[in-house]
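Protein chains in written order, with my numbering: chain A, 1 to 153; chain B, 1 to 322; chain C, 1 to 507.
If you're looking for bench data, these hints aren't it; they were derived computationally from the structure. Any given hint could turn out to be false.
[As the list claims (entries may be wrong)] Some residues of chain B that are not near chain A, with every Cβ distance over 12 Å (derived):
hint	residue
1	30
2	32
3	88
4	137
5	174
6	233
7	236
8	237
9	284
10	290
11	303
12	311
[Unchecked claim] Dumping the calculated DSSO-like pairs for lysine-lysine here, alpha-carbon to alpha-carbon at most 27 Å:
hint	chain 1	residue 1	chain 2	residue 2
13	B	149	B	180
14	B	180	B	154
15	C	98	B	222
16	B	134	C	236
17	B	107	B	137
18	B	242	B	287
19	B	316	B	175
20	B	137	C	98
21	B	316	B	271
22	B	262	B	274
23	A	73	C	137
24	B	175	A	91
25	C	98	B	154
26	B	137	B	271
27	B	180	B	134
28	B	236	B	175
29	B	111	B	222
30	B	271	B	242
31	B	222	B	149
32	B	306	B	262
33	A	91	B	111
[Said to hold, decoys possible] Non-contacting residues of chain B with respect to chain C, defined by C-beta distances greater than 12 Å in every case (computed):
hint	residue
34	49
35	217
36	229
37	306
Positions of the beta carbon are idealized from the N, C-alpha and C atoms, including for glycine.
Listed below are the residues making up each chain.
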Amino acid sequence: MTSHRMQHVVPGLAIFVLASIVTWLSFTQQPAEAFLFPRVISVVFIILAAWNLIRAVTGMSKVGRGIPVDTLKNLAPGLAVMLLYVFFGAKHLGFYLGSTLAFFAIYSFYDPASWSSVKDWIKRIFVTAAFMAVIYALFAVVLQVHTPRGILF
Amino acid sequence: MKKLFKTAVLATAALAVAATGSFAADYPDRPIGVAVSYGAGGATDFQARIVTMVAGNEDILGQPIYILNKPGAGGRKGWNWFATEAPADGYTMSAYNIPHFIAQSIKGGVKYSADSFEPIANWGSDPAVVVVGKDSKFNSMQDLIDYAKANPGKTTTSGAGLFVGHHIAALQIEKACECKLAYVPTKGGGAAAMKAVIGGEVLAGINNLSDAFRAREAGNVKILGVADLERNDFIKDVPTLKESGLDVDNSSVNFRGLMVPKGTPPEIIEKLAKQVPMMFAHARVAKRMKAGGSPMKIMNREEVQKMWADREEVLKELLKGL
Amino acid sequence: MEFLNYFGGVFEPWAFMLLLGGTIGGLILGATPGLSPTMAVALLIPFTFHMSATHGLVLLGAAYTSTVAGGAVSAILLKIPGAPANIATALDGNEMAKRGEGARALHMSFLSSGVGGVIGILLLIFLTPVLAQWVLKIQTPHVFWIAILGVTVIGSLDSKSFVKGLLSGCIGLWLSTIGYDEIQGTERFIFADALSGGIGIIPALIGLFAIPQVLDMMAKGRVDALVEALEVPKQKLTASLRELTRYVRALSIGTVVGSIIGLIPGVGGQIAGLVAYDQSRKLSPQREKFGTGHPEGVVAAESANNAMVGPSLVPLLTLSIPGSPTAAVLLGGLLIKEIFPGSDIFDNHPEVVWTFINSMLVGQVLMVIFGIMIAGWAARIARAPAPIMAAGVLVLAVFGSYSVGQSVGDVHIMLALGIGMFILEKFGFSAAPLVLGLILGPIAGDNFTQGMTLAAAQDGPWVYFFTGTLNIFLISLVIASIAYSFWNNMLAGGKTPAAEPAGREAK
């Protein structure tokens, strides 16, 4: 029970800290006219955040079961690819190359089929190529969106 | 797998070499983007789409121009992006609106000033006009000013935002008549400001000539005055503010044109400065602009540079102490 | 009855081809997670340069209608709404799909879209002059109160916990104030450069809904990845039609709310679905079923978001004021053909305007037919194995959020919000109220500031915001809505949360 309670206290506290910062900023920044509306919001925000924190501390928060360790373990590689892709790959490798690599990496990692069978790898390469071809046709050809090129395209 | 990887690396390297091989000599070799700091369908967006539609002709640029909309905060969002993020390689241009971006940079809080950009050419000038609803009791600028003098701070006047052409015109009118209006910057640009006038939410409004012309054609508003030096061809019957006895010049006229970020190679700027005015002068462009009620004014790079410098001086004076 | 004379124009071969192409293309674009209607329509503009005015408008109109309806497909099958208009559809639609009733939900959604859409366009045909007068009556303080009415919906929307629902909404409201203040032009809460342009609704919507889905799929790890694949069994269309007749209440609430809200410039499409959903829940005898996969929820939301299409064109066609970003794009399309909306368009170009409106009417019918066909197809795609789904949705989310403003910063915001939302969801917060806050924040905030300026020049804020029939009517709706939420919450307070099976990962 205690660990479950902690699960709710931590995010509750984080949101309360955020609300406090927002409130503080809203009431100290100038010009006042531009911050009038944020002030109204921040007051409601901090009251609700406090209420939520109290519920968490007293163990009244029961909705949501937090993030188990297993989930985190499963998530870590995919999340790493995701972050690399969005914050580095898409811009510096080019949108299409970055996307191809990200798609291939995530698909291959989470695919339950064997990692040692050549046939499965061919299938993965084929699916990736087909998917990216559709994306290219849709965005570059039909919609004519101009994406960052990076080193390739 | 290993082999595949090797092939991929080789192919990448080959393409990278090929990509950097092209230089200013054969510029442009791919489509050029024009960032518009206002939403799709707005006056700037609409005109930018028309004036760039012949870019693909071989004797103009030989490559098409596409429009990127980056609306927000009266244009600040788009120009901030353009000043800080846009690549200075000639493949990203932006539409400018004078006096908007100069006034905003004087006022502060943005990441650009007139020095952040290199003008290419100007395509249009859209004067600010004073409009009132069709059933308004005001029939001339004099009526409006008389009311404003009798009721200081009660003459609600809508406009597209703070420190845009409409606001500058309102400030100039206040200065000239020595009276106080209540300028109401509306969210949602000129269209929302116009709705406030038509719906009788405000007593008067300052808006773009092109939009006001359309609204008058639709029978929704009366136009009382033009904030320009001369009467405008689209609305010959409307007097200038000067004629109505208000000392207001053309500082609020909304000039629109194209620019590139500072740091763009000089050869590219030169090429654009030569070709872009030809694009604006194209007969098809002129026809479409006229049809849309959008006054054109083509100026080359030198003229625009001078115009920017003049405007900056005038605006600094006007915005002093605000 | 003038419009009847112009039906011929719709069935002229070229126009009809464009209508068909626009409808099918729009449905596919709308159904693709990460693509939004405004974007689809804006990207189509260059194509219309080379067409006659009538043809260009037919194409844009068809795309406008069908992208909104198409957005329901990804909302239902993947819980990734294509546009703000489809958020409410996702709430019950996705629960139905998880139960194996995806086909039923899709049928309900397209049929009710069609009904709402046709009625909305008939309103446009017959009542335009009257509606135009209404549009002008809705002024700054009224829009402010309508936004507040929307805020009161937040607490009860898709949330197991009242406090957390409100708090999610509050976070959304705060996020909406980031960036430049629209009116004053002052910077607010800009902690990182990417934020200086504020948080766009579309990147936020993609991030908040799509990324948690991707992360959830990954969280299951390498094992049993195929087990979760969605079953979408076939459903008889006649059965769906018969079923729809049982939801006349939801259908009429959706249509009425959608038509009225659609009229309001700048608010329309984004909140019509959510408000209709909330109203039909409050008035339904089976209100506790909402949120658990109840078809009425889908019907209300979808009839509202298509009913709004017709009325939202009223301010454009009569006053030359575009009521939504999509309408603004349509205005550009008209002007470039030398046609000025207003009395000019009805007097001098009746063939253009009536062919356009008629084509949207026919388009609604085509949209239902092809929508149902495409839905079956989409359902098969939605059965792709989870790893392909996860990777594919991620790539689409990146492309979709980039394409809106062609800004890499938007992609960063999208992912950051998505990961944040994934964590928050695990602690009982939900995305729908947060997005609602994000949408309503600027509407409420800017109309508040603008109203204060206007009030200062008139009789002061009290008179300005609290007098007048329409103000008082809206305020009483707000009070009723708050009172209802509290009463309901207090009543249910003791029993709901205790045995909560908590979210998706419970399976």
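Against the structure, the hints come out as follows:
For residue 30 of chain B, the requirement that its beta carbon stay farther than 12 Å from each beta carbon of chain A is not met, with the minimum near 9 Å. A beta-carbon of chain A is positioned within 12 Å of the beta-carbon of residue 32 of chain B; the least distance is around 10 Å. With a least CB separation of 15 Å from chain A, residue 88 of chain B remains clear of the 12 Å interface cut-off, as annotated. With a cut of 12 Å on Cβ distances, residue 137 of chain B stays outside the contact zone with chain A, its closest approach being about 31 Å.
No Cβ of chain A comes within 12 Å of the Cβ of residue 174 of chain B; the nearest lies about 19 Å off, and the non-interface call holds. Once the 12 Å rule is applied to beta carbons, residue 233 of chain B is consistent with being away from chain A; the minimum gap is 36 Å. With a least CB separation of 41 Å from chain A, residue 236 of chain B remains clear of the 12 Å interface cut-off, as annotated. No Cβ of chain A approaches the Cβ of residue 237 of chain B within 12 Å, the least distance being about 39 Å, so the stated non-interface status holds.
The Cβ of residue 284 of chain B sits about 21 Å from the closest Cβ of chain A, beyond the 12 Å cut-off, so the non-interface label holds. Every beta carbon of chain A lies more than 12 Å from that of residue 290 of chain B, the smallest distance being close to 28 Å; the non-interface claim holds. For residue 303 of chain B, the shortest C-beta to C-beta distance to chain A comes to about 31 Å, beyond the 12 Å cut-off, and the non-interface label holds. Non-interface call for residue 311 of chain B relative to chain A: holds, since the shortest CB-CB distance, roughly 25 Å, exceeds 12 Å.
Among the hinted pairs, residue 149 of chain B with residue 180 of chain B is consistent with the structure: their alpha-carbon atoms are about 7 Å apart, no more than 27 Å. Restraint check for residue 180 of chain B and residue 154 of chain B: the C-alpha separation of about 8 Å stays at or below 27 Å, so the hint holds. This hinted pair does not check out: residue 98 of chain C and residue 222 of chain B have alpha carbons roughly 58 Å apart, beyond 27 Å. Between residue 134 of chain B and residue 236 of chain C the alpha-carbon distance is near 56 Å, which puts this suggested pair outside the 27 Å criterion.
Among the hinted pairs, residue 107 of chain B with residue 137 of chain B is inconsistent with the structure: their alpha-carbon atoms are about 36 Å apart, more than 27 Å. Between residue 242 of chain B and residue 287 of chain B the CA atoms are separated by roughly 30 Å; this puts the pair beyond 27 Å, and the hint is violated. The suggested pairing of residue 316 of chain B with residue 175 of chain B holds, with an alpha-carbon distance near 15 Å, which does not exceed 27 Å. For the hint pairing residue 137 of chain B with residue 98 of chain C, the CA-to-CA distance comes to about 62 Å; that exceeds 27 Å, so the pair is violated.
With a CA separation close to 32 Å, the supplied pair residue 316 of chain B and residue 271 of chain B exceeds the 27 Å bound. This hinted pair checks out: residue 262 of chain B and residue 274 of chain B have alpha carbons roughly 18 Å apart, not beyond 27 Å. Among the hinted pairs, residue 73 of chain A with residue 137 of chain C is inconsistent with the structure: their alpha-carbon atoms are about 58 Å apart, more than 27 Å. Proposed proximity of residue 175 of chain B and residue 91 of chain A is contradicted: the alpha carbons are some 50 Å apart, above 27 Å.
Under the criterion of a C-alpha separation no larger than 27 Å, the hint pairing residue 98 of chain C with residue 154 of chain B is inconsistent with the structure, at around 59 Å. Taking the CA atoms of residue 137 of chain B and residue 271 of chain B, the gap is near 53 Å; set against the 27 Å cutoff, the hint is violated. Proposed proximity of residue 180 of chain B and residue 134 of chain B is supported: the alpha carbons are some 23 Å apart, at most 27 Å. With a C-alpha separation of about 26 Å, the suggested pairing of residue 236 of chain B with residue 175 of chain B holds against the 27 Å cut-off.
With a C-alpha separation of about 39 Å, the suggested pair residue 111 of chain B and residue 222 of chain B falls outside the 27 Å cut-off, and the hint is violated. Under the criterion of a C-alpha separation no larger than 27 Å, the hint pairing residue 271 of chain B with residue 242 of chain B is inconsistent with the structure, at around 40 Å. At most 27 Å may separate the alpha-carbon atoms for a hinted pair to count; residue 222 of chain B and residue 149 of chain B meet this at roughly 21 Å. Between residue 306 of chain B and residue 262 of chain B the CA atoms are separated by roughly 17 Å; this keeps the pair inside 27 Å, and the hint holds.
About 23 Å separates the Cα atoms of residue 91 of chain A and residue 111 of chain B, which keeps this hinted pair within 27 Å; it holds. The Cβ of residue 49 of chain B does not lie farther than 12 Å from every Cβ of chain C; its closest approach is about 7 Å, which violates its non-interface assignment. A cut-off of 12 Å between C-beta atoms contradicts the statement that residue 217 of chain B is not in contact with chain C; the least separation is 5 Å. Residue-level check passed: residue 229 of chain B sits 27 Å from the nearest beta carbon of chain C, beyond 12 Å.
No beta-carbon of chain C is positioned within 12 Å of the beta-carbon of residue 306 of chain B; the least distance is around 27 Å.
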